[in-house]
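Participant: Please model the entire structure based on the sequences and the hints provided.
Following my numbering, the numbering of the sequence shown begins with 1 at its first residue and continues without gaps.
It should be emphasised that the hints constitute simulated quantities derived from the structure, not laboratory data.
Derived EDC-like pairs (lysine to aspartate or glutamate); straight-line CA-CA distance at most 16 Å: (1) 12 with 39; (2) 93 with 60; (3) 50 with 20; (4) 12 with 2; (5) 50 with 81.
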Amino acid sequence: MDSLDLHPTLIKLDVEGGEEAVVRGGLRTLAAATAILTETNTPFVADTLKRFGFEQRFYDPRARRFTDTPGGSNVLYVRNEDGVLSRLTSAPKRNLFGDAL
Numbered sequence: 001m002d003s004l005d006l007h008p009t010l011i012k013l014d015v016e017g018g019e020e021a022v023v024r025g026g027l028r029t030l031a032a033a034t035a036i037l038t039e040t041n042t043p044f045v046a047d048t049l050k051r052f053g054f055e056q057r058f059y060d061p062r063a064r065r066f067t068d069t070p071g072g073s074n075v076l077y078v079r080n081e082d083g084v085l086s087r088l089t090s091a092p093k094r095n096l097f098g099d100a101l
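Facilitator: What follows is the structure, encoded as C-alpha cells:
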C-alpha cells in the first residue's frame, strides 16, 4: 500500500483475511489516516493500529455518535475522535431503507 503514495482520510480494510499483510505493507499510509474501518480484527492489526494512536470505537449511524457497544461486523479505529465525529455529524443525512442516516 505504501508504494501507491496515498494520503487518505479513511481506509477500509476488507481483503478476505489479508489485513495483516496490508497493514505490514502500509505502515506509512496508515500513519497518515484519520480513521480505519476493518472487517477482520486480529490482535496484530489491533496492536499495530493502537501503536499509531488509533482507538477502537463503534459508531451508531442513527444517533450519529460513537458508542462502546459493537454494532456490526466491522471495527472502526479513529484518531482525533472529535474531528471524525464533527465530520460525521455535519454530513448530510442519507435515506437508507427508509431510515434517515
